[in-house]
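In the order they appear, the protein sequences are chains A and B.
Going by the working numbering, the residue at position 213 of the first sequence is 213; the numbering climbs one at a time, nothing skipped.
Going by the working numbering, the residue at position 61 of the second sequence is 1061; the numbering climbs one at a time, nothing skipped.
Treat the hints loosely; a few may be bogus.
DSS-like cross-link-like pairs, simulated, lysine-lysine; straight-line CA separation at most 30 Å [claimed, not checked]:
(1) A:K144 <-> A:K221
(2) A:K221 <-> A:K232
(3) A:K144 <-> B:K1043
(4) A:K232 <-> B:K1132
(5) B:K1043 <-> B:K1132
(6) A:K151 <-> A:K232
(7) B:K1043 <-> A:K221
(8) A:K184 <-> A:K232
(9) A:K221 <-> A:K151
In case anyone wonders, no lab produced these hints; they're calculated from the structure.
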Amino acid sequence: MSTLPITEADLHAYVDGALPDARRSEVEYYLERHPEEAGRLASYRSQNEALRALFDPVLDEPVPQRLLRRPPTLMRYAAVVAWLALGGILGWVAHDFGGVDMRADMPAWARRAAVAHVVYSPEVRHPVEVAADQEAHLVTWLSKRLGTDLKVPQLSALGYGLVGGRLLPGESGPVAQFMYQDGKGQRLTLYVRTNAGDTRETAFRFARENNVGVFYWLDRKLGYALSGEMDKQELLRVATAVYRQLNP
Amino acid sequence: MNEFGTQVEQLIPRLRRYARALTGERSVADDLVQDTLERAWNKLHLWRRGSDLRAWLFTIMHNTHVNQVRSRASAMLVPLDDEMHDAPVRATQSDMLEVRDLETALQRLPDEQREVLLLIALERLSYEEAAKALGIPLGTVMSRLHRARERLRTVLEGAPNAGASLKVVK
């Protein structure tokens, strides 16, 4: 047999059943001629068996209830969704009955942005429709659907990389959502809608829907809402950078 | 998200088994599992679907454990819990002695050696998976595994320690 010297790593892999067949035969051949090594490996193998015999019964124990509890973050998430939905319904009902906006401090479109943030930012599998690796396509596509040239702010200098974007239904047509994420997985979304004739410019306004902070502003043809579950200062820092990039 | 929850719940018995072997105490182990699960839920968006959820959870458990060991005072009070005493032992008298010896010897291993040994021997992770879960190079996995096994062998069989480093034996 021609072979590479048998290493200590081979011997452990032999014990753990991790060797390819050919190599296993070589180790067996080696062990036949080195009984003291064979004895040592038998001892390792019986350690494996003893450990399993000792701790496998844990698998059959009933799992304590406290480990099956619903995680608090999910409860919070559900609460935010319920709260936002209720706000939306109440606002809509009130609107229907007397034209009174229940939450006059936050326009409906900005609240939609907050809802969209809550819905999509925890998404694991499909956080975006078009990922950042196809950024050019993303911009072309969303620009076409919104009927205006969109720009995607680059926030990597602030620690937020682009995840991608998606198209969403707005109050009166398509809107765009861009998603960003920092190194710790904290996500931000930038919601962009067209203003349909309204060409005002407004200052930054801030609103908070439970944990979600939203900075929103109108900038001629477009309305922007930046949402994130973070403190106001951090969100303002990002919103300022977004504004500067869009208005160089 | 529900799918994630179901998958996580299916893995809880295995997390408990590993935590029990790692910490040696039922209540400490379940605290570790609970902390691990909470962290996992918080980091849910970081998990890439299709990647190995079990290895990911072991990574989180490892980090949680390292933090706890670091911050824990040298002596620790464990709440008295009757369940703690029904250790999973169903064996004859002489076997019981060996089982106790094994438990004791295992707990006396340095943490980093015990982790490697348990991930491989008990949880049957591949060497590569263990290296990834613990964030260490493959070579370090092999040398820790070797030291752990030799140490247990020395303690349990009174064998002479064959040397602590990896070597070419042929």
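Verification of the supplied hints:
1. A:K144 <-> A:K221: holds, 15 Å
2. A:K221 <-> A:K232: holds, 26 Å
3. A:K144 <-> B:K1043: violated, 35 Å
4. A:K232 <-> B:K1132: With Cα atoms ~37 Å apart, K232 of chain A and K1132 of chain B exceed 30 Å; violated.
5. B:K1043 <-> B:K1132: Judged against 30 Å, a Cα distance of about 18 Å means the pair holds.
6. A:K151 <-> A:K232: Satisfied, since the Cα-Cα distance of roughly 24 Å is no more than 30 Å.
7. B:K1043 <-> A:K221: violated, 37 Å
8. A:K184 <-> A:K232: holds, 18 Å
9. A:K221 <-> A:K151: holds, 13 Å
When the structure is compared with the earlier hints, violations turn up for hints 3, 4 and 7 and for no others.
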